[in-house]
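As you go down the protein sequences, you meet chains A and B in turn. Positions in the first sequence are counted from 1; adding 1 to them yields our numbering. Positions in the second sequence are counted from 1; adding 1 to them yields our numbering.
The hints are simulated quantities; they were obtained by calculation from the structure and are not laboratory data. Keep in mind that a hint or two might mislead.
Since the list can't tell identical chains apart, any single copy or any two copies may satisfy a pair.
Cut-off 25 Å, straight-line C-alpha distance, at most; resulting in silico cross-link-like pairs (DSS-like, lysine-lysine) [unchecked claim]:
1) Lys33 <-> Lys7
2) Lys7 <-> Lys157
3) Lys84 <-> Lys37
4) Lys18 <-> Lys41
5) Lys18 <-> Lys134
6) Lys7 <-> Lys41
7) Lys157 <-> Lys41
8) Lys41 <-> Lys134
9) Lys157 <-> Lys18
10) Lys33 <-> Lys134
11) Lys134 <-> Lys157
12) Lys33 <-> Lys18
13) Lys134 <-> Lys7
14) Lys134 <-> Lys37
15) Lys41 <-> Lys84
2 protein chains.
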Amino acid sequence: MKNEKKISTPVLRRLPKYYRHLEELSRNGIEKISSKDLSKLINVTASQIRQDLNCFGGFGQQGYGYHVQTLRDNLAEILGVTKRYTAIIVGVGHLGQALANHTTLPRSGVDLIALFDVSPDVVGTEVAGLTVKNISEVNRFCLENHVDVAVLTLPKSEALPVATVLANAGVKGFWNFTNTELSFSGMNVSVENVYMGDSLMKLCYDVQDS
Amino acid sequence: MKNEKKISTPVLRRLPKYYRHLEELSRNGIEKISSKDLSKLINVTASQIRQDLNCFGGFGQQGYGYHVQTLRDNLAEILGVTKRYTAIIVGVGHLGQALANHTTLPRSGVDLIALFDVSPDVVGTEVAGLTVKNISEVNRFCLENHVDVAVLTLPKSEALPVATVLANAGVKGFWNFTNTELSFSGMNVSVENVYMGDSLMKLCYDVQDS
Numbered sequence: 002m003k004n005e006k007k008i009s010t011p012v013l014r015r016l017p018k019y020y021r022h023l024e025e026l027s028r029n030g031i032e033k034i035s036s037k038d039l040s041k042l043i044n045v046t047a048s049q050i051r052q053d054l055n056c057f058g059g060f061g062q063q064g065y066g067y068h069v070q071t072l073r074d075n076l077a078e079i080l081g082v083t084k085r086y087t088a089i090i091v092g093v094g095h096l097g098q099a100l101a102n103h104t105t106l107p108r109s110g111v112d113l114i115a116l117f118d119v120s121p122d123v124v125g126t127e128v129a130g131l132t133v134k135n136i137s138e139v140n141r142f143c144l145e146n147h148v149d150v151a152v153l154t155l156p157k158s159e160a161l162p163v164a165t166v167l168a169n170a171g172v173k174g175f176w177n178f179t180n181t182e183l184s185f186s187g188m189n190v191s192v193e194n195v196y197m198g199d200s201l202m203k204l205c206y207d208v209q210d211s
Numbered sequence: 002m003k004n005e006k007k008i009s010t011p012v013l014r015r016l017p018k019y020y021r022h023l024e025e026l027s028r029n030g031i032e033k034i035s036s037k038d039l040s041k042l043i044n045v046t047a048s049q050i051r052q053d054l055n056c057f058g059g060f061g062q063q064g065y066g067y068h069v070q071t072l073r074d075n076l077a078e079i080l081g082v083t084k085r086y087t088a089i090i091v092g093v094g095h096l097g098q099a100l101a102n103h104t105t106l107p108r109s110g111v112d113l114i115a116l117f118d119v120s121p122d123v124v125g126t127e128v129a130g131l132t133v134k135n136i137s138e139v140n141r142f143c144l145e146n147h148v149d150v151a152v153l154t155l156p157k158s159e160a161l162p163v164a165t166v167l168a169n170a171g172v173k174g175f176w177n178f179t180n181t182e183l184s185f186s187g188m189n190v191s192v193e194n195v196y197m198g199d200s201l202m203k204l205c206y207d208v209q210d211s
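Just need the whole structure built from these sequences, with the hints factored in.
This is the structure we're talking about:
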């Protein structure tokens, strides 16, 4: 479905949120929802929702609203959640371990296939059912195995050199928690730089005078 | 400065990103930057940047651009980063420990003052220089101490009951990692629901056909 029409980045950023809510509705046995109720739930205007979903054909029926399961399944297909992706985690500190054990990876269709660290205290230990490998093996591992996504939870100073090795070894996507902006111009590589502090600052702004 | 003009949520969501980049520029000794270069760096159009900064007076000079340090300081003041906030972490698993030890809290002006967990394995241990307290003490602690923000890194099923206790004990902000949407209608409470999976799904979409 992806290739029928290119989805713009702002739309694409909203789709996981739609998907998340529809998954929850579906889990709770809700069969249909009006665009008005969906709008309230998701906190996006009904007209925005219609516009977004029209980008790939729309799924609503006038006077009925949306069929939850159908919309959920279609979004899953569009987002590629139904496909399987492979991921490695590089940097097995607390955040790396948290992500290794979290439902976020499997729920996004991602299989964790290896973890790497530099510390002798961590290498060889078991995390999320996998034995942590030495970072010195990461290049060969990525050349020999298909790795879609590298989760970067290593120190900031190591982010660029390690990511460069991985990109050259065929890794196509970086989920980057190192608080350093990565970009690969001229390479077919995607990056999501995650800055958790941004939402904390917004929160502090909201509470500052309350 | 906040009270001069109410800042809209979309603008407010972009400010921490501006701040982050300006902090980096400032750290690297860059004194001024043109709106064009700032635009490229931040990946927001120059006109959007001008519009956003004009909301509170603008800080650029025609033909000069922005003075990095001044703009950084002004944004810090607007965002309230220069104030100090107090935070507790509820749920000291891997994610809770990662956040306790991360630079995100101090860089956002937030002092961690206590951690709480339910597990006897964790209660009494030391994390980020603090002894983890029993969750049974959290209500009293919040009544007796000023707590601006509660970081929720506990299981999803506990999120709502615990957050309700905390809100009633005076906690004003929730940084919520539990993958369950919290909202408090009728209470003067702010929530940032963090869904890390959203950016992972976007990333998987980007890599799926590459």
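Status of each hint after checking the structure:
For the homomeric pair Lys33 and Lys7, neither the shortest alpha-carbon distance inside one copy (28 Å) nor that between copies (37 Å) is at most 25 Å. Taking identical chains as interchangeable, the C-alpha atoms of Lys7 and Lys157 are never at most 25 Å apart, the minima being 33 Å within one chain and 35 Å between chains. Taking the shortest alpha-carbon separations for Lys84 and Lys37, neither the intra-copy value of 31 Å nor the inter-copy value of 40 Å comes in at or below 25 Å. Taking the shortest Cα distances, Lys18 and Lys41 sit within 25 Å of each other inside one copy (13 Å), while across copies they are farther apart (27 Å).
In this assembly of identical chains, Lys18 and Lys134 lie within 25 Å of each other by CA distance neither inside one copy nor across copies; the values are 34 Å within and 34 Å between. In this assembly of identical chains, the alpha carbons of Lys7 and Lys41 lie at most 25 Å apart only when taken from different copies (23 Å versus 27 Å within one copy). With identical chains, the CA atoms of Lys157 and Lys41 are at most 25 Å apart between copies only, with a shortest distance of 22 Å across copies and 39 Å within one. When the C-alpha separation of Lys41 and Lys134 is checked against a cutoff of 25 Å, the pair qualifies neither within a copy, at 46 Å, nor between copies, at 38 Å.
Taking the closest pair of Cα atoms, Lys157 and Lys18 come within 25 Å of each other only across two copies (17 Å); inside a single copy the shortest separation is 29 Å, beyond that limit. Neither within a single protomer nor between protomers do Lys33 and Lys134 lie at most 25 Å apart by alpha-carbon distance, with minima of 47 Å and 44 Å respectively. For the identical chains of this complex, Lys134 and Lys157 are intra-copy neighbours only, at 20 Å inside a copy versus 31 Å across copies, given an alpha-carbon limit of 25 Å. Taking identical chains as interchangeable, the C-alpha atoms of Lys33 and Lys18 lie at most 25 Å apart only when both belong to the same chain, with a minimum of 17 Å there against 38 Å between chains.
With identical chains, the CA atoms of Lys134 and Lys7 are never at most 25 Å apart, being 38 Å at best within one copy and 51 Å at best between copies. Proximity of Lys134 to Lys37 under the C-alpha cut-off of 25 Å is found in neither arrangement, the shortest distances being 50 Å within a copy and 44 Å between copies. Taking the shortest Cα distances, Lys41 and Lys84 never come within 25 Å of each other, neither inside one copy (30 Å) nor across copies (34 Å).
Checked against the numbered hints above, the structure violates hints 1, 2, 3, 5, 8, 10, 13, 14 and 15; every other hint is satisfied.
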